[in-house]
Amino acid sequence: MMKRIVVGMGLAVLAAAQPQPGAEGRQQLTMHFRDPSMPRKLVVEGGTGSLTIRGYQGQDAIIEYTGREISGANGRGPGRRNEPPAGMHRIGESRGLDITEEDNTVRVNSQGIFGGTARDMVIQVPAQTSVNVKTMFGGSMTIENISGDIEAENFNGQVTITNASGSVVAHSMNGKILVSLDRVAPDKSMSFSTFNGDIDVTLPADTKARFKMRTDFGEIYTDFDVKMEANAAPVVEESKDKSGKSRRRVRVDGTQTGTINGGGPEMQFTTFNGRILIHKK
Amino acid sequence: MNCEQAKTQMLGGTIPGENQGEEFAAHLASCETCRNESSRIGALWQSLDLLPVEEPSGKVRERFYEMLGAYRQGQASVTMPVKQAWPRMIWQVAAAAALLAVGLGIGYGVHEDRSRPELVQLREEVASMRQLVALSLMQQQSASDRLRGVSWSYQVEPSDEEVMKQLVTTVNHDPNVNVRLAAVDALRPFTGSPATHLMARNAVIEALPKQTTPIVQVALIDFLAELKERNAAPELRRLVSDPDIDSGVRKRAEWALERMQ
Numbered sequence: 001m002m003k004r005i006v007v008g009m010g011l012a013v014l015a016a017a018q019p020q021p022g023a024e025g026r027q028q029l030t031m032h033f034r035d036p037s038m039p040r041k042l043v044v045e046g047g048t049g050s051l052t053i054r055g056y057q058g059q060d061a062i063i064e065y066t067g068r069e070i071s072g073a074n075g076r077g078p079g080r081r082n083e084p085p086a087g088m089h090r091i092g093e094s095r096g097l098d099i100t101e102e103d104n105t106v107r108v109n110s111q112g113i114f115g116g117t118a119r120d121m122v123i124q125v126p127a128q129t130s131v132n133v134k135t136m137f138g139g140s141m142t143i144e145n146i147s148g149d150i151e152a153e154n155f156n157g158q159v160t161i162t163n164a165s166g167s168v169v170a171h172s173m174n175g176k177i178l179v180s181l182d183r184v185a186p187d188k189s190m191s192f193s194t195f196n197g198d199i200d201v202t203l204p205a206d207t208k209a210r211f212k213m214r215t216d217f218g219e220i221y222t223d224f225d226v227k228m229e230a231n232a233a234p235v236v237e238e239s240k241d242k243s244g245k246s247r248r249r250v251r252v253d254g255t256q257t258g259t260i261n262g263g264g265p266e267m268q269f270t271t272f273n274g275r276i277l278i279h280k281k
Numbered sequence: 001m002n003c004e005q006a007k008t009q010m011l012g013g014t015i016p017g018e019n020q021g022e023e024f025a026a027h028l029a030s031c032e033t034c035r036n037e038s039s040r041i042g043a044l045w046q047s048l049d050l051l052p053v054e055e056p057s058g059k060v061r062e063r064f065y066e067m068l069g070a071y072r073q074g075q076a077s078v079t080m081p082v083k084q085a086w087p088r089m090i091w092q093v094a095a096a097a098a099l100l101a102v103g104l105g106i107g108y109g110v111h112e113d114r115s116r117p118e119l120v121q122l123r124e125e126v127a128s129m130r131q132l133v134a135l136s137l138m139q140q141q142s143a144s145d146r147l148r149g150v151s152w153s154y155q156v157e158p159s160d161e162e163v164m165k166q167l168v169t170t171v172n173h174d175p176n177v178n179v180r181l182a183a184v185d186a187l188r189p190f191t192g193s194p195a196t197h198l199m200a201r202n203a204v205i206e207a208l209p210k211q212t213t214p215i216v217q218v219a220l221i222d223f224l225a226e227l228k229e230r231n232a233a234p235e236l237r238r239l240v241s242d243p244d245i246d247s248g249v250r251k252r253a254e255w256a257l258e259r260m261q
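As you go down the protein sequences, you meet chains A and B in turn.
Going by the working numbering, the residue at position 98 of the first sequence is 98; the numbering climbs one at a time, nothing skipped.
Going by the working numbering, the residue at position 151 of the second sequence is 151; the numbering climbs one at a time, nothing skipped.
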C-alpha cells in the first residue's frame, strides 16, 4: 500500500521557464505517516536547491517548496492511492518531485534532470523521525530539532545539524560539517566526514565516547579532556622523485584515538584538508 | 538441514557431523520463516546490547547513609530475641558459604588450564557470538548501527573469514559513505592474519576501481600504500591519468605509487 504524489514533468519545465517568485511559487503539501505509534522515517534524495528539515510537534510530514505546481499525474491528487495495475510494475515515471509513503517511511525524491528539482525545500516532520538525506548537486543542507537517527550526505554544500538529540552520521565532499547535539543517544556510533571542509561538532559535556580522529592537512582542537590512546609512531619515508633526488617525509599515521568521560561508543571524525573542532556544550 | 536444526544453530547450539556454516546459509536462503527468525534473533542480540548500563547517581551514597542511620536507630530500639534470630542467621551463614563455594569454583575454573574442552567451547561460543553481533549489526537499516557492527568487527579473530567478507561487502556496497570509510579501516587487522591476509589484500585492490567517493578512494589508496601492494599499481596509474577523478585523489595515487617504489 503506497501513497504517491507526483509533480509532472511538463509542469516542472514550465515552472523552470517561468520562475514564480514569492508566495505564489511556494507550494505546500502534507503526507501522513501511516502509523504514528511506529518509528517514522523520512528519506530525501536529490534536489539542487537548499534543503531544510525541521522537527516539530505535529504528526505529519509537511513539504514546502518553491517553483512548482502540484498535480497528480493523470489527475491523481495528493493522498490518492497510485497502485500499479494488477500484474504490472512501474518501469518509468514522470520526472519531477515524487513523494511516497510506505511502511511509515516518507520518501521525497527530486532526482529529475530537467527542472525536476524543487528549490529551497523545507520539510517538517515530527521530531522523533529518523532522517536520511542525500543530494548530489544540492546547496546547503540544514537539519534541526530531530531526535531520531540522522544520516546526511551532501556533495558541495555545508551540512548543518542543530539541536539534534539522537545520532548523526554526516558527510560532505566539499562543504563544512557543523553539528550540535543537545543529547546523545547512548550506545550510538556516529561519524562525521568531509574531504575538503572543516568538521565542527558540539557535544554535551557528559558525553561518553571514543574519538577516532583523522586529518591529513589540518589540526584537531577540543576543550574536552581527551585521554589519548597510544598512537602509531611517526613514519619516516624515503622516496625518489622524478629527477632522482631523494625525498624524506615524516608522516604521523592519520588516525588518533582518545576517550572522553571514560569512553563509550565510537565517534569518527575524518577530514583530509580541513580542521577538526570538538566543542563541549 | 531442516528448520529445527537451523533453529538450534541460531540459538548457538551445534549439530554433530554437519557442515554447519554452508548448510545453515543454504537453509536460510531457501526458508523464509528461518530467515525472519534469524534476523529476529539478530535484532534481539542487538537490542540486548543497546540496554544502557545503569550508573548510580550521586544521591545513592547519601541515601545509603540515611538508610544505615535509620537501621541503626531501629536496632537500638528493638532488640531481637536471640532465639528468634537464630534460624535466620543459620540460613544467612549457609547461603554465604554456598556463595563462597560457587565463587571459588568459578575462580578455579577460570584459572584452569586452557585445554579443558568446556572452556575451549565457551571461548568458541563467545567468538561466534561476537561474530553474530558484528554480522547482524552490519546488515541493519540505520548507518549508526552498521557503524557499530564495523567497530564490533575489531573484536572477532582476525582469521574470521565471514566477518572479513561482510566488511568487504560493506566497503563495496554500503549506501553510506561514512560506513564504507569505517569498513576500509576495519579491514586492517585482517591483512595481518596468515589465514586472511591474501584475501583481504586482494579485496582492497579490487575495491578501489569500484569506489567513486573521493574520501573512500583516498582511504583505500593509503591502505594500499601502507601494504606496499604493487599489484595495485595499474589501477593507481589509471587514477593518476584520469582527468575525471578528483585532483586530491589523483595526487594521492601519485604519492602512493612513489611510496611503493
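Source of the hints: derived by calculation from the structure; they are not laboratory data.
Heads up, a few of these hints could be off.
Simulated pairs of lysine to aspartate or glutamate, DMTMM-like, Cα-Cα distance not exceeding 25 Å [what the hints assert, rightly or not]:
no. : chain 1 : residue 1 : chain 2 : residue 2
1   : A       : K212      : A       : D225
2   : A       : K280      : A       : E219
3   : A       : K208      : B       : D49
4   : A       : K212      : B       : E157
5   : B       : K251      : B       : E206
6   : A       : K134      : A       : E102
7   : A       : K176      : A       : D200
8   : B       : K59       : B       : E32
9   : A       : K134      : A       : E101
10  : A       : K176      : B       : E157
11  : A       : K176      : A       : E266
12  : A       : K208      : A       : D187
13  : B       : K251      : A       : D206
14  : A       : K134      : B       : D246
15  : B       : K251      : A       : D198
16  : A       : K41       : A       : D120
17  : B       : K165      : A       : E266
18  : A       : K134      : A       : D60
19  : B       : K228      : A       : D216
20  : B       : K165      : B       : D246
21  : A       : K134      : A       : E266
22  : A       : K212      : B       : D49
23  : A       : K212      : B       : E226
24  : B       : K210      : A       : D60
25  : A       : K41       : B       : D49
26  : B       : K59       : A       : D206
27  : A       : K41       : A       : D103
28  : A       : K212      : A       : D200
29  : A       : K176      : B       : D246
30  : A       : K227      : A       : D198
31  : A       : K134      : B       : E254
32  : B       : K210      : A       : E219
33  : B       : K251      : A       : D216
How the hints compare with the structure:
1. A:K212 with A:D225: It holds: about 15 Å lies between the C-alpha atoms, which stays within 25 Å.
2. A:K280 with A:E219: Holds, because 17 Å separates the two Cα atoms, which is no more than 25 Å.
3. A:K208 with B:D49: holds (16 Å)
4. A:K212 with B:E157: Distance of about 21 Å is within 25 Å: holds.
5. B:K251 with B:E206: holds (20 Å)
6. A:K134 with A:E102: This hinted pair holds, its Cα atoms lying about 19 Å apart.
7. A:K176 with A:D200: With a Cα-Cα distance of about 8 Å, the restraint between K176 (chain A) and D200 (chain A) holds, given a limit of 25 Å.
8. B:K59 with B:E32: Not OK: K59 (chain B) and E32 (chain B) at ~51 Å, beyond 25 Å, violated.
9. A:K134 with A:E101: Within the cut-off at roughly 18 Å; holds.
10. A:K176 with B:E157: violated (37 Å)
11. A:K176 with A:E266: Holds - the C-alpha atoms of E266 (chain A) and K176 (chain A) are around 21 Å apart, at most 25 Å.
12. A:K208 with A:D187: Roughly 9 Å separates the two Cα atoms, so the pair holds.
13. B:K251 with A:D206: Cα-Cα ~41 Å, so violated.
14. A:K134 with B:D246: Holds, at about 20 Å.
15. B:K251 with A:D198: holds (20 Å)
16. A:K41 with A:D120: holds (21 Å)
17. B:K165 with A:E266: holds (22 Å)
18. A:K134 with A:D60: holds (21 Å)
19. B:K228 with A:D216: holds (20 Å)
20. B:K165 with B:D246: Not OK: K165 (chain B) and D246 (chain B) at ~29 Å, beyond 25 Å, violated.
21. A:K134 with A:E266: holds (23 Å)
22. A:K212 with B:D49: Status holds; Cα separation ~22 Å.
23. A:K212 with B:E226: Distance ~19 Å between K212 (chain A) and E226 (chain B) Cα, so the pair holds.
24. B:K210 with A:D60: violated (39 Å)
25. A:K41 with B:D49: Judged against 25 Å, a Cα distance of about 23 Å means the pair holds.
26. B:K59 with A:D206: Between K59 (chain B) and D206 (chain A) the Cα gap is close to 18 Å, so the pair holds against 25 Å.
27. A:K41 with A:D103: holds (9 Å)
28. A:K212 with A:D200: holds (14 Å)
29. A:K176 with B:D246: Answer holds: K176 (chain A) to D246 (chain B) is near 18 Å, not above 25 Å.
30. A:K227 with A:D198: holds (23 Å)
31. A:K134 with B:E254: violated (31 Å)
32. B:K210 with A:E219: Measuring from Cα to Cα gives roughly 30 Å; hence the hint is violated.
33. B:K251 with A:D216: Holds, because 13 Å separates the two Cα atoms, which is no more than 25 Å.
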